[in-house]
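A.B. asks: Residue strings, one per chain:
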Amino acid sequence: MKPPQRVLLAHGGGGRLTRQLVEEVFLPALDNPILATLTDAAVLPELPAGRPALTTDAFVVDPPIFAGGDLGYLSICGTVNDLAMVGARPLWLTWALILEEGVDGGLVAACTEGAARAAAEAGVTVVAGDTKVVPRGKGDRLFAVTAGLGVVPPGRILKDDRIRPDDVVIVSGPIGDHGATVMAHRHGLDAPGLVSDCRPLSGLVEALCDSGAAVRALHDPTRGGVVTVCHEVAGRCGLRVRLVEAALPVRPAVAAVCDLLGLEALSLACEGRLLAWIDGSHAELALAAMRAHPDGAGAVVIGRMEQLPAGEPPVLLETAVGGERPLDLLSGHELPRIC
Amino acid sequence: MSDSAQYSDPRALAGLIGQLREVAGGLDHRLTFMEVCGTHTHSVAKAGLRRMMPPSVRLISGPGCPVCVTPVDYLDRALALAALPDTVVCTFGDLMRVPSSTGSLEQARAEGARVEVVYSPRDALELARRRPQSRVVFLAVGFETTAPTIAAAVAEAEADGVTNFLLLPGNKTMPQVMRVLVDDPQLEVHGFLLPGHVSVITGWRMFGFLAEEFGIPGVVTGFMPTDVVQGVLALARQVAQGHATIANQYGRAVTTAGNLQAHRLVERFFEPADSAWRGFGVVPGSGLGLRAAWAHRDASSIRVDLPAPREPAGCRCGEVLRGVVDPPECPLFANGCDPELPVGACMVSSEGTCSAWYRHERWLEAGT
Amino acid sequence: MCLAIPMVLVERSEFDGVVELDGVRRTVSLMLLPDARKGEQLLIHAGYAIGRLDADEAAETLALLREYADAVVGL
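Residue numbers (the working numbering), protein chains in the order written: chain A, 316 to 654; chain B, -18 to 349; chain C, 253 to 327.
Derived by calculation from the structure, the hints in this document are not laboratory data. Among the hints, erroneous ones may be present.
Chain C is nowhere near these chain B residues, computed Cβ spacing over 10 Å in every case [as the list claims (entries may be wrong)]: (1) ALA(-7); (2) ILE41; (3) ASP279.
A partial selection of chain B residues facing chain C, derived with a Cβ cut-off under 10 Å [to be verified]: (4) TYR(-12); (5) GLU97; (6) THR126; (7) ALA192; (8) PHE195; (9) VAL235; (10) GLY239.
Heads up, the beta-carbon is just placed ideally off N, CA and C, and yes, glycines get one too.
Go ahead and model the full structure; you've got the sequences and the hints to work with.
C.D. replies: Put into structure tokens, the structure is as follows:
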């Protein structure tokens, strides 16, 4: 890899410098025959049997390199996970970058390597890409935009309207690791034990779907955290989510960051965790299958579904001290508070 | 169980609530206790404590949220300063979404005003060091817990000659507004949960006047769930025994004298000033103004164009803050005013009575 | 307006200190608590140490809480 020292406007111009960037940074890292054709569009092999699934995503993260990942790694994982959550096996991704004039070439290279690593781990191929460069001051170093194509195997249906009362809610591991890592960095907290949970989850999803447990739906609690996902699910299935605070897995360092900055772990992003809605009688089966997979070692039941009485809050938390409170949606960006 | 987990031990809490039920149940009227600290509002909500209280005990919130009591014209001035060239306004996150006569600081930032959220006044001082050509104005709000941290930042600025670090004074102190509260014939409160961290700074005897002059008991209380219930229980016991004293239930953090170094620093830079509280109007001597010797640090003397202050129509924040009405009694509550689109300050801050109610208590009826 | 968290002082210089809670460390100012000693539990508010936790008082409170807990049957 031979990244430029700094990215210039010309690197996005389509001419010689763009070609250099592609041939000396992107291709070496993302190396595969389809991408290497460098044609206007990737012509793919025939799709396997099943229904195609398509997703798109945009990635903005500050800092672009954080403990446990980088923008590149995050963008591939996020796209793979979107597909995995609907039960699709992810196959082919696109990866486009918008770079700010003057951004360090080493940063772009590091993020590209991160993307390549994630793609290899997830067993997907980045088949098309693009680069644009905006003038200095018009973009925060780099943004990534992706699309992902996968296939849902025949017979597999994951949808919120299949959720029933007494279904359980399982989380695949401790919550808030990514959000806490990023917030700690932004606010001068030093926590060597804190690392983003960013991971591609397609392997874990296959293990769960193969377990024999009736999986109703899957969601990854990214932006907005577990609370946001639960509200979305409750809205779509018309049932109440009852979470149990004492069952929530939260790493001590994450809890400490939350205490210090006045944040809630339930509202922090996870980038390598999934929430699974499972037939209540299959809970143990699902847990065993998840725990046997390296990305599900910390899987636990954190709640269950029940009928929603009229006028009552859709998401409820049984507090660790024996009380109960509704969990409501974030009103906007989480801001550290002193009150 | 670790020490810190014990302060949230469900069994200890159940034991305390059982005791409370016995003590309060033996009385012939329902007890109403007021907390005057936004962090207490938050602790109660987070643990779901209100629902765990026996029916004979009611907890209400007073003007303990510094964001909620910050008046519109302070925000207007902050926005006007943020619009000036070469000026950066630094603020605690709590103030970002408070509505002014026009928009909030968050909206102003989206429109290009230079506004930075900081966690500490020291972060604002750091910014001033890094950008000597900018004038950095820190929005100095908060009660007695926070004022010393701001005074310390000014002391550091003085010692290091950081001349471009200024304050927009807006700190408030508790005792004067509490006098106004207890003087109000509409208020029916049998005791106060007193703010634990304010007391760390001031010492717990500051609230003596409540008992001595007004015959109302007060208990200095910490913030863990067991702390809060211990405070409520101590109040209930006083009422049951016909006592009215100030007691300290947060002995592990609060002393009689408080933090003398903090007093010294606040004294050095600030003096009592009249201060306007949303919902109360001007309360004499309830604010902290910069002493004349530090006029060069005072951003309130900078000339700016201010809009005519506009309080939102129908908003009953003032009465909510005085503990006279519950949020659902405000016509705008959940009907044009909610945490996504707040009208009054009580809905903006996560400690605001209306916000806490909307997020956690909405499902209870007003007055229960 | 009183979000203050107990953290242990692990290092100090003349005016600053490093405090820690569950592996998370932060630099804070000791200007308001100049006599803070390493190993003490300090209350941290807005980047400053504003007070300290008294171990004896804490022990008393915890003992009382344990009594309340022990008196509860069947939880």
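A.B. asks: Now, for every hint given, state plainly whether the structure supports it.
C.D. replies: Now for the hints, and whether the structure bears them out:
A Cβ of chain C approaches the Cβ of ALA(-7) of chain B within 10 Å, the least distance being about 4 Å, so the stated non-interface status is violated. Even its closest Cβ contact with chain C, about 18 Å, leaves ILE41 of chain B beyond 10 Å, as expected for a residue assigned away from the interface. Taking the minimum C-beta to C-beta distance to chain C, about 21 Å, the non-interface status of ASP279 of chain B holds against the 10 Å cut. With its C-beta approaching chain C no nearer than about 7 Å, TYR(-12) of chain B sits inside the 10 Å limit, and its interface hint holds.
For the restraint placing GLU97 of chain B at the interface with chain C, the shortest Cβ-Cβ distance is roughly 15 Å, beyond the 10 Å limit, so the hint is violated. Using the Cβ-Cβ criterion of 10 Å, the hint placing THR126 of chain B at the interface with chain C is satisfied: the shortest such distance is roughly 5 Å. With its C-beta approaching chain C no nearer than about 22 Å, ALA192 of chain B sits outside the 10 Å limit, and its interface hint is violated. Annotation: interface hint on PHE195 of chain B violated; nearest CB of chain C at approximately 23 Å, more than 10 Å.
Evaluation of the VAL235 of chain B hint against chain C yields a held restraint, the C-beta minimum of about 8 Å falling below 10 Å. Checking GLY239 of chain B against chain C by beta carbon gives a least distance of about 8 Å; that is within 10 Å, so the hint holds.
In this structure, the earlier hints numbered 1, 5, 7, 8 are contradicted, and the remaining ones agree with it.
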